[in-house]
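Please model the entire structure based on the sequences and the hints provided.
The numbering used here numbers the first residue of the sequence shown as 3 and each following residue consecutively.
Honestly, the hints are just simulated from the structure, not real lab data.
Treat the hints with caution; some may be incorrect.
Once the Cα atoms are required to be at most 25 angstroms apart in a straight line, the calculated PhoX-like pairs of lysine-lysine come out as [what the hints assert, rightly or not]:
1) K86 with K314
2) K589 with K610
3) K314 with K579
4) K602 with K579
5) K380 with K86
6) K314 with K416
7) K602 with K551
8) K602 with K630
9) K112 with K86
10) K630 with K589
11) K550 with K610
12) K357 with K314
13) K191 with K112
14) K589 with K602
15) K550 with K481
16) K481 with K15
17) K277 with K86
Computed Cβ-Cβ distance ranges for the label pairs, DEER-style [stated by the list, open to error]:
18) A435 with P414: 27 to 35 angstroms
19) Q251 with F32: 32 to 40 angstroms
20) G492 with K112: 38 to 46 angstroms
21) G226 with K112: 20 to 28 angstroms
22) R348 with A195: 43 to 51 angstroms
23) D208 with V88: 30 to 38 angstroms
24) G174 with G478: 46 to 54 angstroms
25) R175 with E19: 46 to 54 angstroms
26) A435 with P319: 52 to 60 angstroms
For each residue, glycine too, the CB sits at the ideal point set by N, CA and C.
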Amino acid sequence: MQGSYRQTYSRWKDDPEAFWREAAAEISWFKPPAQTFSREGGPYGRWFAGGETNTCYNCLDRHVLAGRGDDTAFIYDSPISGTKAVFSYGDVLAEVSAIAATLRQRGIAKGDRVIIYMPMVPQAVFSMLACARIGAVHSVVFGGFAANELAARIDDSGAKLIITASCGLEPGRIVPYKPLVDQAIAISKSKPAHCLVLQRPQLAADLTAGRDEDFDTTVARNRGVTVECIPVSATDELYILYTSGTTGQPKGVVRDNGGHMVALNWSMANIFGIKQGEVFWAASDIGWVVGHSYIVYAPLLAGATSLIFEGKPVGTPDAGVFWRIASEHDVRVLFTAPTAFRAIRREDSDGVRLKAYPMPNFRALFLAGERADPETLKWAERMLDVPVIDHWWQTETGWPMVANPLGLEALPVKHGSPSMPMPGYSIHVLDDAGHAVEPGTLGNIVVELPLPPGCLPTLWNADERFHTAYLAEFPGYYKTADAGYIDEDGYLFIMSRTDDIINCAGHRLSTGAMEEVCATHPDVAECAVVGIADQVKGQVPCGFLVLKKNVSRETSAIESEVVQLIRDAIGPVASFKTAITVERLPKTRSGKILRGTMQKIADGVPWKMPATIDDPTILEEIAEALRKRGYGSLPM
Numbered sequence: 003m004q005g006s007y008r009q010t011y012s013r014w015k016d017d018p019e020a021f022w023r024e025a026a027a028e029i030s031w032f033k034p035p036a037q038t039f040s041r042e043g044g045p046y047g048r049w050f051a052g053g054e055t056n057t058c059y060n061c062l063d064r065h066v067l068a069g070r071g072d073d074t075a076f077i078y079d080s081p082i083s084g085t086k087a088v089f090s091y092g093d094v095l096a097e098v099s100a101i102a103a104t105l106r107q108r109g110i111a112k113g114d115r116v117i118i119y120m121p122m123v124p125q126a127v128f129s130m131l132a133c134a135r136i137g138a139v140h141s142v143v144f145g146g147f148a149a150n151e152l153a154a155r156i157d158d159s160g161a162k163l164i165i166t167a168s169c170g171l172e173p174g175r176i177v178p179y180k181p182l183v184d185q186a187i188a189i190s191k192s193k194p195a196h197c198l199v200l201q202r203p204q205l206a207a208d209l210t211a212g213r214d215e216d217f218d219t220t221v222a223r224n225r226g227v228t229v230e231c232i233p234v235s236a237t238d239e240l241y242i243l244y245t246s247g248t249t250g251q252p253k254g255v256v257r258d259n260g261g262h263m264v265a266l267n268w269s270m271a272n273i274f275g276i277k278q279g280e281v282f283w284a285a286s287d288i289g290w291v292v293g294h295s296y297i298v299y300a301p302l303l304a305g306a307t308s309l310i311f312e313g314k315p316v317g318t319p320d321a322g323v324f325w326r327i328a329s330e331h332d333v334r335v336l337f338t339a340p341t342a343f344r345a346i347r348r349e350d351s352d353g354v355r356l357k358a359y360p361m362p363n364f365r366a367l368f369l370a371g372e373r374a375d376p377e378t379l380k381w382a383e384r385m386l387d388v389p390v391i392d393h394w395w396q397t398e399t400g401w402p403m404v405a406n407p408l409g410l411e412a413l414p415v416k417h418g419s420p421s422m423p424m425p426g427y428s429i430h431v432l433d434d435a436g437h438a439v440e441p442g443t444l445g446n447i448v449v450e451l452p453l454p455p456g457c458l459p460t461l462w463n464a465d466e467r468f469h470t471a472y473l474a475e476f477p478g479y480y481k482t483a484d485a486g487y488i489d490e491d492g493y494l495f496i497m498s499r500t501d502d503i504i505n506c507a508g509h510r511l512s513t514g515a516m517e518e519v520c521a522t523h524p525d526v527a528e529c530a531v532v533g534i535a536d537q538v539k540g541q542v543p544c545g546f547l548v549l550k551k552n553v554s555r556e557t558s559a560i561e562s563e564v565v566q567l568i569r570d571a572i573g574p575v576a577s578f579k580t581a582i583t584v585e586r587l588p589k590t591r592s593g594k595i596l597r598g599t600m601q602k603i604a605d606g607v608p609w610k611m612p613a614t615i616d617d618p619t620i621l622e623e624i625a626e627a628l629r630k631r632g633y634g635s636l637p638m
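Set out below in structure tokens:
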């Protein structure tokens with residue numbers, strides 16, 4: 003399906019079903035789909051209805067059967083623990099079969115849900131594939147998430163089994179996982195019957211009799227056991243991935259089997275330009291969608307080698323770790339978040355460490371997770387002297403919506419833009435009334451329905467919520483909740499979120515959820531959380547607290563307690579370190595808090611006095627409070 007970008011996009015536009023039918027021929031089917039696309043069976047329709055397949059079979063078995071069992075599937079490199087390992091396709095297939103047998107012995111069958119709460123270790127990836135092998139639905143929860151967040155996901159998914167580890171590793175500290183799992187199970191309404199615990203040498207965990215089992219010991223008993231792949235419908239769920247940052251009812255993004263494979267397989271060759279046998283490295287975590295799509299599934303579908311990395315871009319041990327790994331393992335394409343490069347740039351602005359590691363076969367760097375600021379992108383271009391490609395997508399879509407397709411042709415780069423829409427995505431910019439805006443005009447970014455294969459068909463057990471959240475506001479379109487514009491050449495520019503989600507180090511976090519937690523403090527009467535620009539993490543949350551009357555305690559103590567509340571409820575991933583006590587919050591006459599204006603003041607960018615503000619003097623008070631903490635400016 004290779005060709006120029008415009009030819010390929012036009013071919014999709016002219017006949018979408020023929021385009022995806024051709025792409026689906028690259029996947030092995032136990033039973034070919036009866037239809038390419040059906041408008042029945044989901045909020046906007048379903049892809050490849052009637053087809054039967056298995057994602058694990060396509061990732062492993064078909065490559066082994068084709069004689070590629072000795073080819074490398076995964077390279078594990080953990081600078082934080084000093085561990086390295088290489089796994090062939092045959093090795094992975096054997097280990098996945100053993101884990102699948104272990105799950106079946108514990109009553110896990112097709113359609114059952116399994117939660118995986120693990121660090122970045124091979125066993126976590128193998129467990130995902132084992133679930134896929136037997137038709138179970140996995141839900142990976144980022145290791146270290148707070149216990150109440152994990153409990154909410156246990157309850158929403160109805161998980162029957164948890165796979166976890168004794169601990170995770172961070173620079174300079176060990177994070178115990180098992181106590182968080184125990185607490186989550188204690189407070190959840192749904193009680194998983196079994197818990198498999200990978201004991202790591204850095205910290206052993208206590209096992210609860212009758213429920214917990216040692217992962218290695220249990221799986222070892224099944225090594226050599228053959229478990230065949232269970233045929234599943236193309237429309238059956240492969241996994242549930244809960245969006246982060248919510249303390250209320252979690253929002254479970256569903257991914258199906260058939261469309262997911264077709265889209266990811268197409269993207270590896272055409273967007274990322276990866277060929278069979280080449281090393282592709284997505285420096286992310288399996289707790290996020292990038293890890294699902296481009297650490298686990300897409301590289302294996304393409305017959306490539308994927309890299310599992312347990313470490314940080316700086317501090318494990320230094321800002322040269324990415325280049326050491328890319329050089330040592332012959333990485334051809336690296337995919338990471340702009341946050342990582344901001345951190346590397348801060349530590350090694352002249353690229354001294356980069357120069358120590360020759361990378362003659364390194365072809366491209368892809369950035370996604372939050373907006374790639376032009377200065378970081380230009381720095382990476384200078385340092386690497388290869389294409390640096392910003393691309394845009396979401397947990398909900400599962401693969402890029404807008405990109406510079408390296409496998410088709412390299413489009414001219416416009417710094418600040420992720421380039422052009424990919425086949426499957428007809429992207430428009432609308433005003434709040436749903437009317438198209440002129441090129442260059444900021445508006446709501448939407449995608450014309452139906453969404454292509456690989457995108458979420460719905461939310462877990464929540465079709466109506468899916469419709470309300472994504473489809474209702476702009477009928478006929480999927481609402482991305484991002485704001486931006488399309489220029490005269492058709493390039494898309496993403497400027498901001500249109501809702502209350504901020505991007506902190508590539509993690510989507512809800513400020514509303516943080517406000518809920520702030521408000522639980524007994525001395526807090528009212529609060530607002532906004533995202534403040536951060537040179538390394540993109541954005542970090544800042545909380546503004548209005549205290550109850552007659553509170554006589556030191557405000558600094560209250561602020562520290564609120565910071566700890568966020569850490570306990572949402573976790574360190576929120577990066578919530580600043581709470582500021584103020585007398586009042588700026589509001590419109592109707593009572594709406596002017597978060598957007600507060601954010602502009604905090605970022606020190608020009609802003610105008612809102613016409614609807616109730617009391618203009620409050621913004622000056624906010625600006626003064628921020629200035630005392632080193633943020634922002636007075637009104638301009």
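Here's how the hints hold up against the structure:
Restraint check: the Cα-Cα separation between K86 and K314 comes to about 15 angstroms, which is no more than 25 angstroms; the hinted pair holds. A distance of roughly 14 angstroms separates the Cα atoms of K589 and K610; the hinted pair therefore holds under the 25 angstroms criterion. For the suggested pair K314 and K579, the alpha carbons sit about 20 angstroms apart, so the restraint of at most 25 angstroms is met. Our distance criterion of 25 angstroms between C-alpha atoms is met by K602 and K579, whose separation comes to about 19 angstroms.
A hinted pair counts as satisfied when its Cα atoms are at most 25 angstroms apart, and K380 with K86 does not qualify at roughly 33 angstroms. In summary, the hint linking K314 to K416 is not supported, as the alpha carbons are separated by about 29 angstroms, beyond the 25 angstroms threshold. Simply put, K602 and K551 have alpha-carbon atoms about 29 angstroms apart, too far for the 25 angstroms limit, and the pair is violated. The hinted pair formed by K602 and K630 meets the criterion: a straight-line CA distance of about 16 angstroms does not exceed 25 angstroms.
Annotation: proposed proximity of K112 to K86 is violated, straight-line Cα distance about 33 angstroms (limit 25 angstroms). At most 25 angstroms may separate the alpha-carbon atoms for a hinted pair to count; K630 and K589 meet this at roughly 22 angstroms. Distance restraint check for K550 and K610: the Cα-Cα separation of roughly 30 angstroms exceeds the 25 angstroms cut-off, and the hinted pair is therefore not satisfied. Taking the CA atoms of K357 and K314, the gap is about 19 angstroms. The hint holds against a cut of 25 angstroms.
Between K191 and K112 the CA atoms are separated by roughly 23 angstroms; this keeps the pair inside 25 angstroms, and the hint holds. Using a Cα cut-off of 25 angstroms, the hinted pair K589 and K602 holds, with the two alpha carbons roughly 15 angstroms apart. Our distance criterion of 25 angstroms between C-alpha atoms is broken by K550 and K481, whose separation comes to about 38 angstroms. This hinted pair checks out: K481 and K15 have alpha carbons roughly 20 angstroms apart, not beyond 25 angstroms.
Of the supplied pair hints, the one linking K277 and K86 holds, its CA atoms being roughly 24 angstroms apart against a limit of 25 angstroms. As the Cβ distance of A435 to P414 is approximately 34 angstroms, the hint placing it in 27 to 35 angstroms holds. Distance hint check for Q251 and F32: the Cβ-Cβ separation is about 36 angstroms, which falls inside the suggested range of 32 to 40 angstroms. Roughly 44 angstroms separates the CB atoms of G492 and K112, a value that falls within the hinted 38 to 46 angstroms.
In this structure, G226 and K112 meet the distance hint of 20 to 28 angstroms, their C-beta atoms being roughly 23 angstroms apart. At about 47 angstroms, the CB distance of R348 to A195 agrees with the hint of 43 to 51 angstroms. Distance hint for D208 and V88: a CB-CB separation of about 33 angstroms, consistent with the stated range 30 to 38 angstroms. Between G174 and G478 the Cβ separation comes to about 51 angstroms, which falls inside the hinted range of 46 to 54 angstroms.
Distance hint check: the CB atoms of R175 and E19 are about 52 angstroms apart, consistent with the given range 46 to 54 angstroms. Between A435 and P319, the C-beta spacing of about 54 angstroms keeps the proposed range 52 to 60 angstroms intact.
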